[in-house]
Structures are given as structure tokens and as C-alpha cells.
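Visitor: Those protein sequence lines, which keep their order, are chains F and E. What the first sequence shows, in this note's numbering, is residues 4 to 290, in sequence order. What the second sequence shows, in this note's numbering, is residues 591 to 1319, in sequence order.
Errors might be hidden in some of the hints.
DEER-style ranges, computed between Cβ atoms [claimed, not checked]:
#1 E:Q1198 - F:P34: 19 to 25 Å
#2 F:S183 - E:P995: 34 to 40 Å
#3 E:L1136 - F:S114: 54 to 60 Å
#4 E:Q1198 - F:P77: 32 to 38 Å
#5 F:L260 - E:T1210: 33 to 39 Å
#6 F:S183 - E:Q1198: 16 to 22 Å
#7 E:Q1198 - F:Q121: 19 to 25 Å
#8 F:S183 - E:C1118: 57 to 63 Å
Which residues of chain E face chain F? A partial, calculated answer using Cβ under 10 Å [claimed, not checked]:
#9 R602
#10 V749
#11 S752
#12 Q754
#13 G1195
#14 G1203
#15 L1205
#16 T1210
#17 R1217
#18 L1221
Interface residues of chain E toward chain F, partial, derived using beta-carbon atoms under 10 Å [to be verified]:
#19 Q833
#20 P838
#21 S839
#22 V1308
#23 N1310
#24 R1313
None of these hints come from the bench; they were simulated from the model. Virtual Cβ for every residue (Gly too), placed ideally from N, Cα, C.
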Amino acid sequence: MSEERADGHDASTEIPEIPTPASSIEEAPSPNEWKDEDICLTVSDLCLHYGDNEALTDISMRVVRRRVTALIGPSGCGKSTLLRCFNRMNDLIDDVRITGEIELNGMEIHSTSVDIAQLRRRVGMVFQRPNPFPKSIYENVAYGLRLQGGLPKSEIDDRVEWALKNAALWGEVSDRLNESALDMSGGQQQRLVIARAIAVQPDVLLLDEPASALDPISTLKIEELIHQLKQDYTILIVTHNMQQAARVSDYTGFLYLGKLVEYDTTNIIFTNPSEKRTEDYITGRYG
Amino acid sequence: MTTYDLPKISNRRRLTNTITAKVIGAGGVAVIAAIVLIMGYLFWVILPIFAPTSIEVLDEVSQLPEDVLAIGSDDSFEIVTLIRGNGRVEFRNPSTFEVENFVDVSSTPWRDAILVFPTTDTYAVRDSANEVRFFRIAHQVRYIDNERVLEQRVEPVFVNSSYQLPPNTDDFDAYRSDEDLRIVARLNEGSLLLVEFEEVDDDFELEFPDENTIAGRVGTDRTFFGPRGRFLYNINSETGDYQLILVPSVLRPRVVQSSSFAVDGRAPTAVEPLLGRYSILVGHDSGEVRQWSLSPSEIGTILKPIRSMDFDAPISALASEQRRKGFVAVDNQRTAHLAYTTSNRILTSIQLEAMPKLLVFSPRADRLVTYQDDQIHTYAIENDHPEISWSSLWGKVWYEGYEEPVFSWQSSSADTDFEPKFSLTPLLFGTLKAAFYAMIFAIPIAVAGAIYTANFMAPGMRAWVKPGIEIMAALPTVILGFLAGLWLAPIVEDHLTSVLLCVFVLPVGMLVFATLWSRMPSKVLSVCDGWFAAIAVPVIVLLIWLTLEFDQPLANVFFGGDAKSWMYEKLGLEYDQRNALIIGIAMGLAVIPTIFSIAEDAIYGVPQHLVHGSLALGATRWQTLVRVVLLTASPGIFSAIMIGFGRAVGETMIVLMATGNTPIMDLNLFQGMRTFAANIAVEMPESEANSTHFRILFLMALVLFFITFMFNTVAEIVRNRLRTRYGNL
């Protein structure tokens, strides 16, 4: 089945337009040029233990607003764990101990005054496997909106349409909003999940290997979507796919054995890393 | 030249493969065959119920004596008894009507011979001098040199003593119970002579009668006793007028009803009592046969029309079966119609050769004998299960002796003239009632328990709780039934107030405790997270103990001292010790493991990535549970409930032991019921093989099977839909 885009362009003609690190670098200032008001998330001395195992060690980093920040590293390096710290999904796991601080727009997210549900509303997340609820397409997107309660039906209709349009899915599903989301293709489901996440208009979007379960064409669509979404959202993406990181991100952090080895503009990480371990990983020595 | 060969499979492997395939195949086929056989057997037993009735001419014999007063036969119609006006009792072959044996009982000629009500073998004969004598005809099977010989004897009763009726006697009837003999004689001026011999045995002479003459009604021509000899029907068959006389003793008779069988002023054309004489069949020239039955009313027991059946032509004669409530109606076109009262069925008909003077069923109602002039005709009847019709199985039936049509199950009685009541409706009602109350008890506990166990319980505790509850399913239900009937039922009865209040005390108490608990220091809370259920157990026990302990004070406060009498006075609810509440609890406990286990699997099986997806959107734990987890698990929970219901419907031992087994239709929580399963268990051992009752029990089993089959199928369909629907999550 061909998945036609909402604007009628054929997906194949889009491939050359996918942003390259070369084009991103012009826009992305290097970390020493960051101004304080550009910073969305600040991580300071973050350590995370699963029982006795230290999964993250002394992570300190800052994430720039309305940019795409990629986290790369070999399996088990802690990049997904780090990502899940930002919306406190790690709280669901028993025996997790976290020290250090994460500030979202200057607010410490581990503070007792923070309501986890409200935090997660500000920090949306998309998982590796598409996980639509066994409901209709419409109800999936409206789910997050209904949780708060009090929104009129017309408002929800508008927000659902807006989210589906922003997730480049509206053209494909506008005439079957009441059909089950489980009947969609994997790529459509993943874009639906992204639509669901942006429908509540979060500040930050966490993408945990969002394209790893998808075929190449769906992957391209997701990447293109990420590129569009970064105009409105601060995006953190975990990926195994180096090319993907290079294509979609402005900044890249390399994690290895729970430590943030290097963090810089994507262009520098991929062309001129200062650490040898980064270079080894980028060039495929391990991972 | 070489050819390419795959390496050969070893003989041993091939043998194992073959044997395994054959054994598994045979096992599968055997299972299916067993189920088909069970179904086949059920149908095989049930089908004769619906077999059509047939009647056909068997024999026709003429040149018989023309003075036959009464015709009888032995049980299996191997010998026919003719009582003749010349004082002779003849035993004749049932097909050729050759005389095989005879006894000259009397030298004086007899005027009439009647069967003494309600016996089937004792005759009262009146000779030309109005003297009444009694004798019994005994049939005995003996084996002489291994050969079956049927012997007949005519045994005088009351040492051949007689009773002298007045010379102006028109008609008489006799009633015999274990102790008493009653005789009624209608004298030609209309008065009735009532005679009673008390405490007479067959071996005693008839002495010291109580005699009483009462004014009857002029013109009556049929006078006979009713049930237990306590009623007397006095009928004018010309006009249809009748008197119903209550005879507690012959010295104190009382006319309780004077009325008429006539319809629109038109007199009946035939009057005949039905077996047991609780009912009178009245034929009319419109072709209608009405059944009038003794029914209770404000003025005592009176005759009321309870049923009407329409035949095509004016009715000329009626005769009743000897052991059932069936009858034959002969119309003026000489067509004999077989019919049955309870089931309201007109079964079949046949054209008779002549209008009979005597019309008699054989004891088993498999032969009909007609006699007129010097001719006897015998007809063979196949009519094994006339009691059954759709209306008698499921509808309201107006039974003899009832005030109105009712649903009733009453399959047997000590009386031989009993009308069996085979309505499945009260039992279906009982089955569903028991299951309903069990589900009311089980669903909230099992489903809420499953939700808690799957979502909130600490893994360490869940590892004990889930298998523990599943092992409960292995508890023999006979033990549950035993405990419920003998231990729980008396406790609940004695502490009814506490039990009723527990419905409120437990949830409220738990909420209060939970609120207090949430105020505990967060350190304690985090340590005990997931173990709340274990912490709550002592609280529940304490709450139950407290309510039980303060039963009497609570009863004083809420129910004015006694919950049972309060309910009876204020709500009109009666209380049986073994009731639906007990069943709800006991059978609820039996189905909880089933529902809990399947529902818990369904809830626990909801993929974590859906839960995380919901939480990541800012849903609280509770919102996630209600909007995603329960929604996704709902088909599984539904299927668990259906399977639990199926089990509750088919459950036998608990309802058998703890319901009281009264087949009443009352939704009252505090009354018992009888279910299909319990009824089959209770009645099957005492049911005569191949009788109607026996076959109905099988029919009941089939209905029960269909109900459980339906629920399990719905559950399975829903489960399959779940699998295909959510399989790709």
C-alpha cells in the first residue's frame, strides 16, 4: 500500500530534501554560543542506579529549545534510560534510585511539588514500537485531551485535526477517523502515536528509537516529520541509526557505559569528534 | 551411475512418529465421538416424548353374551374379565375372546357391577334383590415347571357378607379406604342413603353400619363418590344440574354447591369423572368437553371449569384412563378422540364400528375395549407420553385442585391418582436465580480482586495470591455445599442483622481504614506498597467479628430486635434457612476462582507499552486503569464472567445441599429454589426408567446443556475476537 502524503507529494521526491548535517550546522550554534533563554532542559550530575547497578553516571547536559538533540551510543549505554528520566518514566521501575537534578525551564522535575501526570503532559514521549490504544483513530488522538476533562467537543475536534495534520496523517485518515487504530500500518500507527503526543501540546517530545520498527519509507516519513516538528517542539531522540542521527538532529550526545562521553553539534560529532571513543563508535568499531 | 538420496529416517524414529500420530488421532476422535454419543443418547431418550400417538383396530369378536355388566383386564392385558348379569365372572382370551376360565359367583342374577372407588380390582355387584356384595379379582403369575401360568381368582371380600339396599334404589356407588367402606344409594324419590362401615377389614363381616338418609334432588341420575370418599357428586345428566356434597362423615353431610354443567342453558351430553375424581369431564353437543375440577374458593372447595377442549361433533360418550389424566371422547359420528387434560392435547382419533355400550381402557391405556350388543372391539393404542406439550412444559397450567393456572414442578406423589406437574419454568427460574445471586456475589469480588492483583499488588504477594485462589477451584463443591447448608446457613439465620449490615460495614470500614492508612508516614507507605491487601485482611476479619459480636444491639437499633420478623412485617419477605443468600455466598465462592483467574490473566496480559503510552500522555494510574487497561481487557473479563455464569448454572452439589430444593418461583433473596442440576440429581435415581418423568429429566439435562453451551460459546466467541482483535498489540 502506498502511503500518500497529505500535500500530495510523492515520498520518493522528498528524499533529496531531507536535511543533511551540512544544512543544519548553519542554524545550530555550538554549545558555547548558547544563551540561557535558549535552554529548555538542564541536567546536572545525574546518577541513576538500578538496584546496585549504576546505569547513568554524572550526566550533565543542556538541551536547546526547538532543536533536535540525538542521543547515540551502543546498546546498554543508558541512552534510553536517560531519555526516560526526562518524563520520570523510570519511576515505574522498582528499585530505581536517582540523584542529581533535571530542570525543565528552570523547574526541578524531581521536586515533591511536581505532579508526575502534569510533568508527563509537558514532556511527551513516543516509544520504539507503535502503541496505539485499541480505540478509534479519533479517540487515540483525543485521549490525552480528554484526560484533563472540560474541553468542549468542538475544541477536541479541532485539536485532533490539528495534531493529525501536524503528524502528516490527516490526508490518509480524515475519512476514517472512527475506524480502529489497530487496522493502520505500522508507519501510520507511529505517526498516530506522535499525533497523540503532540495533541496535548507538550514542551518537549521524547522519541525513543521511533523508527526502529518501521520500514525505510515509513522511516523517511518520520524523519521528515521530526524535521517539521522541531519548529515548535524541543525534541530528544534516541537512535541506533547513525545516519538518522546525522540527518535529523542539530546536536548529538554520545553515551558510553552510562557516561556522556561527548556532546556537541551533530556536525562536529560526526565529522570531527574530540574523543576517540566517539570516533570509534561513529566509524563502526563497536556498537 | 549414482542417484541423489536423502538419508533414510531411522526405523525407530519412524515408528515413534507413526505411533504418536495414531494415538493422538485416536484420542481426538474418541473425544469427539464421546460427545456425539452423549448428545445422541440424550436425544434418543428424549425423542419418544414427541412420538405421535396412534390407535388402530386390533380385534373384532361377535356372538358374545349380551349381558356383560363390566369389563376389566389384568395389568398387561393378557386376560380379559367379563362380569355377566347371570352371576358369572368369565376370563377370556384378549384377542379371540374364547373363555379360558370362569367362576360362578352367584346364582341370583346381577343388575349391575361397579368398580369400588378408588380400587382397580374390587367390584361391588347388586343383584336383583338389591343386595350388594363385594369381591376382588386377583391375577397371579406362577411358574409351573418353568412355564409361565396366569391364574385368576375371584375372592369374596368382607367374608361374602352383603348389604341390603332399599328396594327403591335406582343407583349406587361404593368407596373403600384402608379403614372404611362407604356406600351411597340414590332412591327413586331423589333422596340419598349414605352408609358407612368403619374400620372394616377384608376379613371382617359387614356389621353395624352408620346410615343416614338425606334429601337429594329429584331427577338426578348419576351419583358417585369423589376424592377420599369425602365428596359426593349428584348429577342430573338430563339438565346438567349437579350437587356437590361434602361428606366428612355420613352423619354430617353438607351440600356445598348446587349448580349446573349446562352451557348457555344447553344440557351436557356426557358426564364422566377423570382418574381420582377430582375432575368431572362434561361433553356437550357443541363438541366441547369441559373439565370441571374441585378448586378452592372463598366458600370452600367447589367445582370450577378449568379447561375446555373442542372436538368436531356432539359428544356422546366419555371414558377415562385408569392411571393417567387422559380420556377418550366419542362423538355422535362414532369417532373416538384420544385426548389428555394436563397437556391440553387432542392426540388422535379413530372411527369406531358401533356406538359402544361399554367403553373401557386397559390399565396401561394401551388398549381400548368397546362393547355393544354381542360384539367386542379392541383397539391398540400407542400413547406413552401424552402429558407433554409445549404448554405443559413451559406455560402456566391449570391443574386439578388449583385456584388458577400456575407454573409448577411436582413430579411424583404417594397417590396413584396424582396429576404430575411437569413445568420446567420454575426450575429454569431457580437455575437462573441461583446463578444470578451467585454472580452478584462473585463478580464484584472476583473482578475487583483481579484488577487489584494484576495492577496494584506487589509481585511477591501476587505470586502467592494467584495460585492460592486458583487452587480454591479444586475444592470439591460437595464440601462447599455441606459447609453452606449445615454450618453457614444456621449462622446466617442467627446473625441475619450482621450479615445484612456487613454489606455496608465492610466497604465503609475499608474506605475509612484506607483513608487513615494514607496518612501514614511515606516511608511506611512505600515499604508496604502493593501489600495493602495483606494489611487489610486483619481489618476485614475484625470488622466481621465486631458486627457478629454486636448482632443483637444492632438488630435492636435497625430492625426492632429481630431482622427476620422485621422483614416479614415490613417487606412481606419470608425467610427460609437455606436460601438464595446462602447459595449466593457458597456458589459465589465456587465461581470466584474461575472468574478471578481468567479476568486476572486478561488484565495482567494488557501490554505494558499501552500502559506506558497512557502514563506518558499524563494519565494518572487510575485513568490508565479505567480508560486503557480495563477497556483492553474487557472482552477477557466478559468471557470470564460468562464462563463463571456457565459454571454457576450447571453447579449441582452446592444448590442440592444448601437450597432446600423447593421449586418455587420467587425472586426473594431469602427463599430457596430448585435448579435443573439439583433436580436431576434428586429425582433421577427414583424415576422409573422410560417413564415420562424419566424422559423429562433427560430433556431437562439437554436444556441445561444448551444453556451452559450457549454461555460458554458466547464466552469463546468473544475470546476469539479478542485474540484476533488485540493479537497485534
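Visitor: Any CB of chain F closer than 10 Å to the CB of V1308 (chain E)?
Guide: violated, 14 Å
Visitor: State, for the Cβ atoms of L1136 (chain E) and S114 (chain F), whether the hinted interval 54 to 60 Å holds or is violated.
Guide: violated, 43 Å
Visitor: Is the gap between the beta carbons of S183 (chain F) and C1118 (chain E) within 57 to 63 Å?
Guide: About 40 Å separates the Cβ atoms of S183 (chain F) and C1118 (chain E), which means 57 to 63 Å is violated.
Visitor: Checking hints one by one. Is Q833 (chain E) an interface residue toward chain F, by the C-beta closer than 10 Å rule?
Guide: violated, 78 Å
Visitor: Quick check on a hinted range of 16 to 22 Å for S183 (chain F) and Q1198 (chain E), using CB atoms only.
Guide: holds, 21 Å
Visitor: Go through the hint on G1195 (chain E) and say holds or violated, using the shortest Cβ distance to chain F against 10 Å.
Guide: violated, 13 Å
Visitor: Would you say the C-beta atoms of S183 (chain F) and P995 (chain E) sit inside 34 to 40 Å of each other?
Guide: violated, 52 Å
Visitor: If you take the shortest Cβ to Cβ gap from R602 (chain E) to chain F, is it below 10 Å?
Guide: At 45 Å from the nearest chain F Cβ, R602 (chain E) fails the 10 Å test, so the hint is violated.
Visitor: Would the hint on T1210 (chain E) be counted as holding, given a Cβ-Cβ threshold of 10 Å to chain F?
Guide: holds, 5 Å
Visitor: Let me know if the C-beta of R1217 (chain E) comes in closer than 10 Å to any C-beta of chain F, holds or violated.
Guide: holds, 7 Å
Visitor: Grab the minimum C-beta distance from N1310 (chain E) to chain F and call the hint holds if it beats 10 Å, violated otherwise.
Guide: violated, 16 Å
Visitor: Quick one: are Q1198 (chain E) and P34 (chain F) within 19 to 25 Å, going by C-beta?
Guide: The hint (19 to 25 Å, Cβ to Cβ) is violated, given that Q1198 (chain E) and P34 (chain F) are roughly 36 Å apart.
In summary, the numbered hints that this structure violates are 1, 2, 3, 4, 8, 9, 10, 11, 12, 13, 19, 20, 21, 22, 23 and 24.
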